[in-house]
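Just so you know, the sequences run in chain order A and X.
When we follow our numbering, the leftmost residue of the first sequence carries the number 2, and every step to the right adds one.
When we follow our numbering, the leftmost residue of the second sequence carries the number 2, and every step to the right adds one.
Mixed in with the good hints, there may be bad ones.
If several chains are the same, the list does not tell them apart, and a pair holds so long as it fits within one copy or across any two.
Said to hold, decoys possible - With a cut-off of at most 16 angstroms between alpha-carbon atoms, the simulated EDC-like pairs for lysine to aspartate or glutamate come out as follows:
(1) 68 x 30
(2) 23 x 77
(3) 23 x 49
(4) 23 x 56
(5) 44 x 85
(6) 23 x 57
(7) 68 x 19
(8) 44 x 56
(9) 44 x 30
(10) 44 x 21
(11) 68 x 85
(12) 23 x 39
(13) 68 x 56
(14) 44 x 77
(15) 68 x 51
(16) 44 x 19
(17) 23 x 85
(18) 44 x 76
Don't read these hints as lab results, they were simulated from the structure.
Small disclaimer: the values here were computed from a predicted structure and weren't measured.
There are 2 protein chains.
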Amino acid sequence: MSLFHATVRVTPRPGLLDPEGKAIHHALESLGYDGVGEVRVGKAITLEVEAASRDEALARVDEMCRKLLANPVTEDYRIELSEEEGGTP
Amino acid sequence: MSLFHATVRVTPRPGLLDPEGKAIHHALESLGYDGVGEVRVGKAITLEVEAASRDEALARVDEMCRKLLANPVTEDYRIELSEEEGGTP
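If we strip away everything but chain A, and leave its shape as in the complex, we get:
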C-alpha cells in the first residue's frame, strides 16, 4: 500500500449564484480595488489516502467526491493526486 496525497477542488458550477464570491467582490471594491472581475469561492480539500495503486487512489477519491465532498447538482470538482515518498510497497 502506498500513501497518496490528494487535493480536491470543489467549485460552484458556472452560472450558479455564488454569494460568498459576490460579498468578497463587494468588499474589494469598498477597499478601493477597481478592475476586479468575477470572484468565485470554492473549497480546496486535502486528504491522504492509502491505496495499492494510483488508479485505485483516484477511484476512491472520486467516489468520496460523489458521495460526500461535492454536491453534484451545484458543484464541480477536480482531483489532483501525488504519491508520497517512502510508502510501504
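The hints should help you fit chain X onto chain A, whose structure is shown.
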C-alpha cells in the same frame, strides 16, 4: 492593461485545529472509508484582475490577501496567476 486570472488558495496553518476537516474525516469513516489520513479544508478563490504587468497583478492580489482574503494569524495563502489571452495592451 491585461486581464489576469488569479487563484488564491487559503489553507489553515499546520497545527491549527480544522473542525471542518475533522468533520469530513469522521463522515468518511462512517461511510466505510478506512486508511484516510488527515483531512484539511481550505478555500480556493478565483478572481480576475486588470493590471499593466504580471508583477503588478501579483502585488495587487498579494495585498488583497493580506487585507481581506486570508487571516494572517490562522491561515496561509498561495497565489497562482495566469494571463488571459486577448487582453487590451
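Hints and how they fare:
1. 68 x 30: This pair counts as between: shortest inter-copy Cα distance 12 angstroms, intra-copy 37 angstroms.
2. 23 x 77: neither (19 angstroms within a copy, 22 angstroms between copies)
3. 23 x 49: Intra 32 angstroms, inter 13 angstroms, cutoff 16 angstroms: inter-copy only.
4. 23 x 56: Classified as neither: same-chain Cα gap 37 angstroms, cross-chain 26 angstroms, threshold 16 angstroms.
5. 44 x 85: neither (22 angstroms within a copy, 23 angstroms between copies)
6. 23 x 57: neither (38 angstroms within a copy, 24 angstroms between copies)
7. 68 x 19: Neither: 22 angstroms inside a chain and 21 angstroms across chains, both beyond 16 angstroms.
8. 44 x 56: Result: close neither inside a copy nor across copies, 23 angstroms intra and 26 angstroms inter.
9. 44 x 30: Classified as neither; 23 angstroms inside a copy, 20 angstroms across copies.
10. 44 x 21: The answer is both: 12 angstroms in one copy and 11 angstroms across copies each meet 16 angstroms.
11. 68 x 85: For residue 68 and residue 85, the Cα distance exceeds 16 angstroms both inside one copy (25 angstroms) and across copies (34 angstroms).
12. 23 x 39: Only inside one copy: residue 23 and residue 39 sit 8 angstroms apart there, 31 angstroms across copies, limit 16 angstroms.
13. 68 x 56: neither (18 angstroms within a copy, 41 angstroms between copies)
14. 44 x 77: So residue 44 and residue 77 pass the 16 angstroms test inside a copy (11 angstroms) and across (14 angstroms) alike.
15. 68 x 51: neither (18 angstroms within a copy, 38 angstroms between copies)
16. 44 x 19: both (12 angstroms within a copy, 14 angstroms between copies)
17. 23 x 85: neither (37 angstroms within a copy, 21 angstroms between copies)
18. 44 x 76: both (10 angstroms within a copy, 14 angstroms between copies)
Checked against the numbered hints given earlier, the structure breaks hints 2, 4, 5, 6, 7, 8, 9, 11, 13, 15, 17 and satisfies all the rest.
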